[in-house]
Amino acid sequence: MKFAVKKALSSSGARVGVLEVGICPAPIETPALLLATRKGLPHFISPDLLPSLPSPDSNLLQVSPMHFLEGLSTTTISKLGGLHQMLGLQQHGIAAVPRDSIQCLPESKAATKLGASFETPCGRLLIKPKDYVEMISCMKPNIWASLADEVPAWVSEKRNKTSVDRTLRWLDDCISLYPEAGSIFGAIVGGTNLEERKRCAEEVAKRNVSGYWIGGFGLGEGIDERPALLRAVMDILPDEKPRLTCGLGLPEEILQGIAAGIDLFDSTYIYSLTVGGFALTFSLDNSGEQHSLQSDQIGSDLTKINLRATAYRKDMSPILENCTCYTCKNHTKAYINHLLNVHEMLAQTLLEIHNTHHFLRFFHVIRTAIQDGSFEEFRQAFLESRREHFKGEAIST
Amino acid sequence: MALHFEILGRFNRARAAQLTLPHFVCQTPLFMPVGTQGTIKGLTNNELERIGCQIILGNTYHLALRPTSELLEEAGGLHNFMNWPRAMLTDSGGFQMVSLLHLADITEEGVTFQSPVDGKPMLLTPEESIQIQNRIGADIIMALDDVVRTTITGPRIEEAMYRTLRWIDRCIAAHKRPHDQNLFGIVQGGLDPELRDICVKGLVERNLPGYAIGGLAGGEDKDSFWRVVAQCTAALPEDKPRYVMGVGYPLDIVVCSALGADMYDCVYPTRTARFGTALVPEGVLKLKHRAMAEDTRPIDPTCPCMVCKNYTRAYIHCLVTKDAMGSQLLSYHNLYYMMRLSRNLHSSIVEGRFPEFVCDFLRTMFPKGDVPEWVCNAMEVAGIDISSCCAPFPPCQENDSSNELERFDKVKIEI
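If you read the protein sequences in the order shown, they are chains A and B. Mapping of the first sequence onto the UniProt record's numbering: position 226 corresponds to residue 226, and the numbering continues sequentially without gaps. Mapping of the second sequence onto the UniProt record's numbering: position 189 corresponds to residue 189, and the numbering continues sequentially without gaps.
Derived from the structure by calculation, the hints contain no laboratory data. Don't take every hint at face value.
List of simulated lysine-lysine pairs, BS3-like, C-alpha gap at most 30 Å [stated by the list, open to error]:
| no. | chain 1 | residue 1 | chain 2 | residue 2 |
| --- | --- | --- | --- | --- |
| 1 | B | Lys322 | B | Lys286 |
| 2 | A | Lys113 | A | Lys140 |
| 3 | A | Lys206 | A | Lys113 |
| 4 | B | Lys176 | B | Lys120 |
| 5 | A | Lys206 | A | Lys161 |
| 6 | B | Lys288 | A | Lys140 |
| 7 | B | Lys322 | A | Lys130 |
| 8 | A | Lys314 | B | Lys120 |
| 9 | B | Lys288 | B | Lys309 |
| 10 | A | Lys140 | A | Lys2 |
| 11 | A | Lys140 | B | Lys309 |
| 12 | A | Lys241 | A | Lys130 |
| 13 | B | Lys322 | A | Lys109 |
| 14 | A | Lys128 | B | Lys322 |
| 15 | B | Lys176 | A | Lys314 |
| 16 | A | Lys158 | A | Lys128 |
| 17 | B | Lys309 | A | Lys79 |
| 18 | A | Lys140 | B | Lys322 |
| 19 | A | Lys241 | A | Lys206 |
| 20 | A | Lys198 | A | Lys7 |
| 21 | A | Lys161 | A | Lys198 |
| 22 | A | Lys113 | A | Lys128 |
| 23 | A | Lys128 | A | Lys79 |
| 24 | A | Lys161 | A | Lys241 |
| 25 | A | Lys128 | A | Lys140 |
| 26 | B | Lys286 | A | Lys140 |
| 27 | A | Lys206 | A | Lys158 |
| 28 | B | Lys286 | A | Lys79 |
| 29 | A | Lys79 | B | Lys288 |
| 30 | B | Lys322 | A | Lys79 |
| 31 | A | Lys128 | A | Lys2 |
| 32 | B | Lys309 | A | Lys329 |
In isolation and in its complexed conformation, chain A is listed as follows (with noise of 0.2 Å):
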């Protein structure tokens, strides 16, 4: 794995940056999406139909290593030769993060010293490092994170510095156990706790890792706290190496993210929407105003549009008129609408396929803006666009 800043703005820690990875076909710019994925394909989009994403945008995929726990030995994707192999997904960049806020959560309670605890499709597991780190050897993945104790941001002071703690011995025995080292990120976490969060960077800034992986945020914490949270930590890490996070999910929040800099984000974003029958709508303007020029959108807040409602029956037009997607060229709003109500699988298919698309357009537009110069009014004018909308409906409801 190969990371370079290309351009850091000086007003915010915004920056661009470009990641090769693997044998990804081409470099990928930063800040970036990894899209998440169950047993490493998509939820919805068959391989097969993944090249109709924007390439090498959609090239990152984010894995948890235990979705494997639940039928698949590390013996057979070690005989396999990795993720790779087995996914057949060889031109594509893997980062393997334990947490996937979907179906893989952490559960604070249940960790103990020896180990981080997820609640999983096959319960609640207990993961040690040794145990983690020998489902990372097999399955090979271009990136991964190192275990880590993730905690609410509710637990007391005392839990919250334990969780450090136990994050930073758990790094180093990742490190000592895979002395190949792959491109490890180091994980950082440290609750609301502003000292604590200094700390743990401090530390994993010593050792000798790729990158950093952000953790322990959607966890409970306001949207307000995190700013300061993240610039405490990102003052304190090197620029020139790569910062992933997790539970950033939201178009503020995935903003909210770059401008303190950090370069790689997973997001349940998309999921969420796809599986509520939902479809992104709002504006991929290179300002970041968000006055759609569809004035059409029933049901719609600007964001997205529910296509479950009753007034897409008969609309025969795409869910974006020039969105390039697959599910935009070939489908309109009122088929959608109809696999959604008789409950067919195709409905997910081609939501996850569209808001992907959108989502992946979104970040484009970020990097341009970031490159332009103007990323702090592209933002500033995205927020407040979007907000006026639901100002404006609150009032006249």
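Once you've looked at the hints, dock chain B against the given chain A.
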């Protein structure tokens, strides 16, 4: 008539043909996947095209409920609504009604039932079925028939057969689009050769674009099944397509093709995929089985599909029945298998190597030579020598040969 059927090759009763429909030019024999509600579960149109699907089936009953035939008409037909560029066939809705609705009742007027949406009493008449199908706009539409399960005996079967003939006239009269939709009649008559004969003659008199053999694939024994198919294919016109409804298993398709049938449909490949079962030349592979968890081979090493080229049994095992992706990948493979079978049937007949294909097929499926007796009997009638596939003392030769002749004599119609 809105189709053209040209036979390109034969072997005895088997034929390979080109079936030109308004939306697509097809090669027969062919298998039609069932896209019940306007979609083949989990697969996109471009995947279906890549697999080689030529005709897909839509269920009138389901589509009439949601999104309704009126909406489909407004959308320019189901083709437009789904954006499927190739051919389509809709069934009459009758079968679903009878099989899904316990309180359905068949009268001379039509099928009365309770709407599953609001419990209101409803009536599906031949006229209504054709009207709905006219709105949906498929290349081939099916007449409403009085379909009775083959496991039933008695006067009901005769009643159903004669009613089917009366209803075909009503269907023909109600059909508003004979120039771009082909109305197929359906031969009924249960397992009774005489009733079947009357029905075939009655339908042939109406000079329809194509004919289906209905009322089978419902639990009757295989020996009765093939004989009905054989009788019908012998009596139906040469120059029109023959569609055996609800078939089915690859073995059944090979046998029926040998006997002279051209088109098939069944939910089996996609349904069995959702239960974790893959279709392979040897039969089936149950991916759910614990042994699959360590099996690093592809589902079918001879299969060139995307799933077999990229994935192993072990990986699919961990997906099936738990993740949507498992269903999708297996459905993809299973349909690919059926399309490949269709293509092989067509090309082996055209290229003059049909008997070899059949023998290869049977040898792979029955490596011990235990080819079922019904298959042996059917192949004998089809004029295909499969003795090389059968073990030295196979079941089909074990029986007293005089019994065999006796049974043949009883069935006093040309097969």
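Going down the list of hints, with the structure as the test:
1. With a CA separation close to 14 Å, the supplied pair Lys322 of chain B and Lys286 of chain B stays within the 30 Å bound.
2. For the given pair, Lys113 of chain A sits about 26 Å from Lys140 of chain A by alpha-carbon distance, which is consistent with the 30 Å threshold.
3. For the given pair, Lys206 of chain A sits about 22 Å from Lys113 of chain A by alpha-carbon distance, which is consistent with the 30 Å threshold.
4. Restraint check for Lys176 of chain B and Lys120 of chain B: satisfied, since their Cα atoms lie roughly 28 Å apart, inside the 30 Å limit.
5. Under the criterion of a C-alpha separation no larger than 30 Å, the hint pairing Lys206 of chain A with Lys161 of chain A is consistent with the structure, at around 19 Å.
6. Pair hint Lys288 of chain B plus Lys140 of chain A holds up; C-alpha atoms about 26 Å apart against a cutoff of 30 Å.
7. Note on Lys322 of chain B and Lys130 of chain A: the hinted pairing holds, with a Cα-Cα distance of about 28 Å set against a maximum of 30 Å.
8. Among the hinted pairs, Lys314 of chain A with Lys120 of chain B is consistent with the structure: their alpha-carbon atoms are about 25 Å apart, no more than 30 Å.
9. About 20 Å separates the Cα atoms of Lys288 of chain B and Lys309 of chain B, which keeps this hinted pair within 30 Å; it holds.
10. For the suggested pair Lys140 of chain A and Lys2 of chain A, the alpha carbons sit about 17 Å apart, so the restraint of at most 30 Å is met.
11. For the hint linking Lys140 of chain A to Lys309 of chain B, the alpha-carbon distance of about 21 Å falls within 30 Å, and the restraint holds.
12. With a C-alpha separation of about 26 Å, the suggested pair Lys241 of chain A and Lys130 of chain A falls inside the 30 Å cut-off, and the hint holds.
13. Our distance criterion of 30 Å between C-alpha atoms is met by Lys322 of chain B and Lys109 of chain A, whose separation comes to about 28 Å.
14. Note on Lys128 of chain A and Lys322 of chain B: the hinted pairing holds, with a Cα-Cα distance of about 26 Å set against a maximum of 30 Å.
15. This hinted pair checks out: Lys176 of chain B and Lys314 of chain A have alpha carbons roughly 25 Å apart, not beyond 30 Å.
16. For a cut-off of 30 Å, the pair hint linking Lys158 of chain A to Lys128 of chain A stands: about 22 Å separates their Cα positions.
17. Restraint check for Lys309 of chain B and Lys79 of chain A: satisfied, since their Cα atoms lie roughly 17 Å apart, inside the 30 Å limit.
18. Using a Cα cut-off of 30 Å, the hinted pair Lys140 of chain A and Lys322 of chain B holds, with the two alpha carbons roughly 24 Å apart.
19. Distance restraint check for Lys241 of chain A and Lys206 of chain A: the Cα-Cα separation of roughly 13 Å lies within the 30 Å cut-off, and the hinted pair is therefore satisfied.
20. Of the supplied pair hints, the one linking Lys198 of chain A and Lys7 of chain A holds, its CA atoms being roughly 25 Å apart against a limit of 30 Å.
21. For the suggested pair Lys161 of chain A and Lys198 of chain A, the alpha carbons sit about 12 Å apart, so the restraint of at most 30 Å is met.
22. As the CA atoms of Lys113 of chain A and Lys128 of chain A are separated by approximately 9 Å, the hinted pair is consistent with the 30 Å bound.
23. Between the alpha carbons of Lys128 of chain A and Lys79 of chain A the distance comes to roughly 23 Å, so the proposed pair stays at or under 30 Å and holds.
24. Distance restraint check for Lys161 of chain A and Lys241 of chain A: the Cα-Cα separation of roughly 25 Å lies within the 30 Å cut-off, and the hinted pair is therefore satisfied.
25. The straight-line distance between the Cα atoms of Lys128 of chain A and Lys140 of chain A is roughly 18 Å, inside the 30 Å bound, and the hint therefore holds.
26. Proposed proximity of Lys286 of chain B and Lys140 of chain A is supported: the alpha carbons are some 29 Å apart, at most 30 Å.
27. A distance of roughly 24 Å separates the Cα atoms of Lys206 of chain A and Lys158 of chain A; the hinted pair therefore holds under the 30 Å criterion.
28. Distance hint between Lys286 of chain B and Lys79 of chain A is fulfilled; the C-alpha atoms sit about 22 Å from each other, no more than 30 Å.
29. Between Lys79 of chain A and Lys288 of chain B the CA atoms are separated by roughly 20 Å; this keeps the pair inside 30 Å, and the hint holds.
30. For the given pair, Lys322 of chain B sits about 23 Å from Lys79 of chain A by alpha-carbon distance, which is consistent with the 30 Å threshold.
31. Of the supplied pair hints, the one linking Lys128 of chain A and Lys2 of chain A holds, its CA atoms being roughly 29 Å apart against a limit of 30 Å.
32. Restraint check for Lys309 of chain B and Lys329 of chain A: satisfied, since their Cα atoms lie roughly 28 Å apart, inside the 30 Å limit.
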